[in-house]
Amino acid sequence: MRNRIMGLFAISAITTFTLAGCKDTPASNAPVTGNGTNAVSTSSRPVAAENGNPVTGNEILVGEYASLTGDTATFGKGTHNGIQMAIDEANDAGGISGKKIRLLTEDDASKPEQAQTVVTKLCADDKVAVVLGEVASTRSIRGASICQKYGVPMISPSSTNPEVTKGGDCIFRVCFTDDFQAAVAAHYAWDAGWKTAAIFKDIKSDYAKGFAENFSAEYTKLGGKITGEQSYQGSDTDFKAQLNTLKGQDPSCVMVPGYYSEMGTIARQAKEIGLKVPLLGGDGWDSPQLIPGAGTALEDCVFTDHYFSTELKDKGIEDFVAGFTKKYGAAPDALAALGYDAAKLMIDALKRAKTLDGKGIRAAIAETKDFAGVSGTITIDANGNARKSALVMQIKGKDFKVIKSYTPEQIGK
Amino acid sequence: MQAFLQQIIYGIQLGSLYALIALGYTMVYGVLRLINFAHGDVYMVGAYVGFYCCTSWLPFQDLTTHPGAATTNIALAIVALLLSMVLCSMLGIVIERFAYRPLRNGLQQIDAHFWGAIIALPIASHFVKLASLAGVLVYAVAAVAIGFAMRPVMTYLRKHTVLSTSRLNALITAIGVSLALENGGLLVFGSDQKFIGNVLPEGTVTVFGIQFSSGQSAIFIVSVILMLGLRYVVLYTRRGKAMRAISHDIEAAKLMGIDTDRVISFTFALGASLAGAGGAMVAMLTHVKINTLFGLQPGLKAFVAAVLGGAGNIPGAALGGVVMGVAESVVAGSKFSTYKDAIAFCLLIGVLLFRPAGLLGKNVAEKV
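Heads up: the sequence lines are chains A and B, in that order. For the first sequence, our numbering gives the first residue as 1, with consecutive numbering after it. For the second sequence, our numbering gives the first residue as 1, with consecutive numbering after it.
Think of the hints as simulated: they come from the structure by calculation, not from any bench. There may be inaccurate statements among the hints.
To be verified - Within a straight-line C-alpha distance of at most 25 Å, the following computed SDA-like cross-link-like pairs (lysine to any residue) qualify: (1) A/K396 with B/S217; (2) A/K111 with B/F189; (3) A/K276 with B/F208; (4) A/K396 with B/G197; (5) A/K247 with B/G203; (6) A/K276 with B/V205; (7) A/K276 with B/L200; (8) A/K276 with A/D357; (9) A/K121 with B/L186; (10) A/K195 with B/K335; (11) A/K247 with B/S217; (12) A/K111 with B/N183; (13) A/K121 with B/S334; (14) A/K195 with B/S334; (15) A/K401 with B/F189.
Here the structure is a predicted model, which is why all the values come from computation and not from measurement.
In isolation and in its complexed conformation, chain B is listed as follows:
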């Protein structure tokens, strides 16, 4: 019994992480009806930010050699967490602006500069070493030059392409962005897996025979705080109100004078920052190996959690995440651990059979 309760606790802790990622899926789905498959990869980038913060960007000290540095390291970890959230929300905005928005609104001149910056990357790295001053200069010049050269291309494309409202296009773009981040990550971060050393103090507390480790508890607590923060933003701020309005009816929201593009951008930033926080926390607190496929499995599971809870429903995503985490943990702890993924997903089929809209989703008839 005690062992079972312990598995439940592990499940809730794991689930809080799935919930954090699932919120990003569900918010974007809520406003755009888009399944943003690149979301799991934003989580991966968050983990890398955590890694670079711990190893080079911030003055962390290894606790095995400097046992007195625990307090400074905890403070630095909070900085790293915030930094990861900021960088990932910027990444979320960039993804939305340059991958998804052109599908909705058509290409703009500024898109030329984004693609210029991307195309210049392999070209410049072919001739110079990018991690040097000269390399950065060459890259910048190449990026600007290619950007200006691409401007007429964008104008041409804008004139001669037809905008489609098909959700399939956006979905395939999302898969493309996901692949681009995973494989582009190989270029930027390298394909060697990374480990974070011993930077944060560790310990366990036992309550009624059930153990709570500092790392997992910290992930759980921070996740809950972030989710409460999100709830506040969505329910009590003007931006949140605008998000809900768009989710309800995007055309009507436009007519009411809501700058929908800005709000969509904001939604992506919000979701990405939560994924970034999750990635950084897992990297810093659980010592897992980090590679560019780091976000693949948690991303998929969080996506399923979002569906389980009810796509587009924020409390649903949180609930779905916890249900997924507990199911996975209980199965993994049983003698069927080989089938832990399969059984956790069978649960989803079961739920969807009886509640096709998810646990908390409302069955809304949609005009076709």
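If we strip away everything but chain A, and leave its shape as in the complex, we get:
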């Protein structure tokens, strides 16, 4: 009897595990079509039925959901600082036709379910006019579905999965998409003379799955060969078995489109088992926590990133970096720059909006053309996406060095 009881519990533990493996957003199963940034003249995005939350009174409420704590905490903190800085600047300059902007920030603790809850709170209870957020695509997709339902315009600063803006006509982003970013990574790998690549992806992350798919499509098109694909889950701690298999396939580089939080462990274990080829990643690596996690294991590895670096010589960037450093005591990363751009673009749209309600603000954001942001010039296309250049960064000691940049034209996107 007692062993049967134990057995039953064990079996229920199994079901929990297998089910947890299946739990995923339906969006991620949809094929990634690869025309995200390619401006399609007419958009087939669903149109919101609601008119958002019209601004009443003397304040414009802006909601922000961010991963201030949890697995990707540096993403949320950086972005939040950028957004706060832009809003403070706008308020110091007198606000928008006399109305001050008030930012309501909610922490989603890096959890998709919590993102959904806090965005619902922002839209339904706090009645915010615009929502800014998230960085991680899985959470942005969740938040987008809520914003679309309430007709509240949402601007994602740095979610790159193409699915994010497909949720509806209220959803925008100020960064490029992964069909571009992953293609940049593929081109870089090919140009660097790496003829074979292995892929190691997080199967629970929409970002990683989309990135891997786009990377392998572009890389194969260029003539490269994908030697094999292995997967892990963000909560794993032991990656050696998978890495060892990848090592046996003898690729000339390994694409790991994960987030910084597990990259350190993966890089260290890769080094430990003697996988000596360079690891390749995307903007999910960009975090001040990457190097503390990885030690020296990521030396010389490269990742694609948004068009922002303190190394770039540009008046706008230099002013932003100086202002940010003065305000927060540390230099901004790319995510802070994109947060700043998202908020700036929103402020610009609020100024241009004919009516301060869901439809008016939505239309003003959609009309944005040649907006000069610190992470490049932003034009919102019919699908709510921005078309921007990307950088390739290399890890040198504690720093990320810009080694190359790609424009969409260069790789035919």
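Got chain A; can you put chain B on it based on the hints?
Only chain B this time, still in chain A's reference frame:
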């Protein structure tokens, strides 16, 4: 073939860790017939102890900046390991004393002070910053005051509650303790993940083309030493004898004059110290991110390992752990890596179909 052997070696190393945690599950199950779901969270606390030892409690030096500190750091790591074992065994005793014992024996006056200390925590932190002398003083006063105020409540509850022998109650309590540790951990440790820097020297040895890394080998060796130590305690000491007696028949053991509560406490301490050692080792040697859900997955897998080997059977838990580790590693290294958890658990179903009592368990008919 070589790659396959290498996967087996990784599996055995991973399995030794599962085995270490599984022993705690199986010992507690052996004496109390209780599935202590909080055990995985004790492992998490062990990892945090390892983290705090490396970053603030002990004078570790980063090897990238101080390459000569390797020997001192290894000595300090042993201290950290022992400290983690001591603190976790204390945590194990506290969990048993205040969560599980009241279910067996009813509430005592002293339980009031424990709950006073818990309730005072959010109240005091609302008014003062706890990490200061004034904060600690305010907290202590509040804890004692609430404790005394709760005494009559405990007396009332003791008089008016009925003790139940249902195992389900204990099980639900265990799940509650697990949730309390995971979420309470957020308050104490914060929700940011933690990393331990470069504190221990690293290297690999290659034997016949198979690599053995220093970190994983150290975890394996220490696990084996601890398991042998446990075997000695259980088989050759008076306490161990008492544990086995209780496992056999708790009522008869009481009649023979064994202080069962003390022995149960000891069992929890022993199991928790092994989990604590595991947590601290993994934190210090493998550079994984540490958060409050750190123990969830290894805890579940170790629990399954305990069942696989035969619940209540100590060598069984060790064997189950290794089998789980090897299965997981082999599947993860194949092209089915997406399904590594699912397939490792299917193995368990297969084994339980043919040996319902687990690999080494005996099928004992139980009187109902």
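Tested hints:
Restraint check: the Cα-Cα separation between A/K396 and B/S217 comes to about 30 Å, which exceeds 25 Å; the hinted pair is violated. For the proposed pair A/K111 and B/F189, the alpha carbon gap of about 18 Å is at most 25 Å, so the pair holds. Of the supplied pair hints, the one linking A/K276 and B/F208 holds, its CA atoms being roughly 20 Å apart against a limit of 25 Å. In summary, the hint linking A/K396 to B/G197 is supported, as the alpha carbons are separated by about 18 Å, within the 25 Å threshold.
At most 25 Å may separate the alpha-carbon atoms for a hinted pair to count; A/K247 and B/G203 meet this at roughly 18 Å. For a cut-off of 25 Å, the pair hint linking A/K276 to B/V205 stands: about 16 Å separates their Cα positions. A hinted pair counts as satisfied when its Cα atoms are at most 25 Å apart, and A/K276 with B/L200 qualifies at roughly 21 Å. For the proposed pair A/K276 and A/D357, the alpha carbon gap of about 55 Å is over 25 Å, so the pair is violated.
Distance restraint check for A/K121 and B/L186: the Cα-Cα separation of roughly 23 Å lies within the 25 Å cut-off, and the hinted pair is therefore satisfied. For the hint pairing A/K195 with B/K335, the CA-to-CA distance comes to about 22 Å; that is within 25 Å, so the pair holds. Distance hint between A/K247 and B/S217 is fulfilled; the C-alpha atoms sit about 21 Å from each other, no more than 25 Å. Proposed proximity of A/K111 and B/N183 is supported: the alpha carbons are some 15 Å apart, at most 25 Å.
Taking the CA atoms of A/K121 and B/S334, the gap is near 44 Å; set against the 25 Å cutoff, the hint is violated. With a CA separation close to 23 Å, the supplied pair A/K195 and B/S334 stays within the 25 Å bound. Distance check on the hinted pair: A/K401 and B/F189 sit about 34 Å apart at the alpha-carbon level, beyond 25 Å; violated.
In this structure, the hints that do not hold are numbers 1, 8, 13, 15, in rising order.
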